[in-house]
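Chemist: In case you want the letters, here they are:
Protein chains: 2
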Amino acid sequence: MEPLATLEVEPIGWVRNDISDSQGVTWEEIESQVVIEERFSEALEGLEEFSHIIVLFWLHRKKEGPSPLKIRPEMREDMPLVGVLATRAPVRPNPIGLTVVELLERQGNTLRVRGLDAYDGTPVLDIKPYLPQGNLIEKARIAPWVKRLWESL
Amino acid sequence: MEPLATLEVEPIGWVRNDISDSQGVTWEEIESQVVIEERFSEALEGLEEFSHIIVLFWLHRKKEGPSPLKIRPEMREDMPLVGVLATRAPVRPNPIGLTVVELLERQGNTLRVRGLDAYDGTPVLDIKPYLPQGNLIEKARIAPWVKRLWESL
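Going down the list, the protein sequences come from chains U and D. Quick note: the first sequence uses numbering that gives the first Met the number 0, first residue 0, plus one each step. Quick note: the second sequence uses numbering that gives the first Met the number 0, first residue 0, plus one each step.
Don't take every hint at face value.
As the list claims (entries may be wrong) - Straight-line distance between alpha carbons at most 27 Å, and here's what the computed DSS-like set of lysine-lysine pairs gives: (1) U/K138 with D/K69; (2) D/K146 with D/K69; (3) U/K138 with D/K146; (4) U/K146 with U/K69; (5) U/K146 with D/K138.
Simulated from the structure, these hints should not be mistaken for lab results.
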């Protein structure tokens, strides 16, 4: 095994919206701006040719200190206790969030997107185009608890 | 704008396969092991209920020094010069790779996966279940150069 190393990332931009509390929020409908730092503007050229993009962001509201390795999804008592890496919960060893969003418009270094489940001020780490070849899995099997969760929402 | 900050991530595991050179490799067919550190074993519980997972990994072969903001995909002269964030190229501001892979088996803290385009020894940052709701976009529009690239492979 390689020695443990700390790896460094830096924000390349920030999420801008009105959301600072998730209560009652339907994230799928939320429009946000992703404002990329000007020094990276050039790196966005051509992104507007894609209808959907993958946003990697820093889950910056994670509490300090060790986080649990297992959780009940959505903190619901009717959900099983599962490993955090088997969920999309924000408590995870490296607090990196991943969401596929609709790219509505690019204006220079500002992206207007729909469906980003990130609070105002969230640091953005990476933007990638969504590619059906590789990202579109027609018949993915999922855990029964996920189906049950979706049906109840 | 928030002040620039450096954020730290750490490897939660490592990729194990025979691949140290991509020449002639058909990544889609490659089987790899993702060996998660034992202290995170519990965090994997329940992952085997998913057929596909998203692997975030560190593109550790990135050269030191500033990387280009625009590239020609696959370094091909017949491809347009586009921003790196409009591609999936490994040269990007934060060297984080993302691949959806088939999870063939979990044995404790070892995942056997197919289709991971990462060299032996690659640090793994995060594992997430692939969720059709959110990750399966039926009609994503892509740049014409991507279609052209795929047709020529």
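Chemist: With reference to the structure, classify each hint as holding or not holding.
Modeler: Consistency of the hints with the structure:
Between U/K138 and D/K69 the CA atoms are separated by roughly 35 Å; this puts the pair beyond 27 Å, and the hint is violated. For the given pair, D/K146 sits about 19 Å from D/K69 by alpha-carbon distance, which is consistent with the 27 Å threshold. Taking the CA atoms of U/K138 and D/K146, the gap is near 23 Å; set against the 27 Å cutoff, the hint holds. Taking the CA atoms of U/K146 and U/K69, the gap is near 19 Å; set against the 27 Å cutoff, the hint holds.
A distance of roughly 23 Å separates the Cα atoms of U/K146 and D/K138; the hinted pair therefore holds under the 27 Å criterion.
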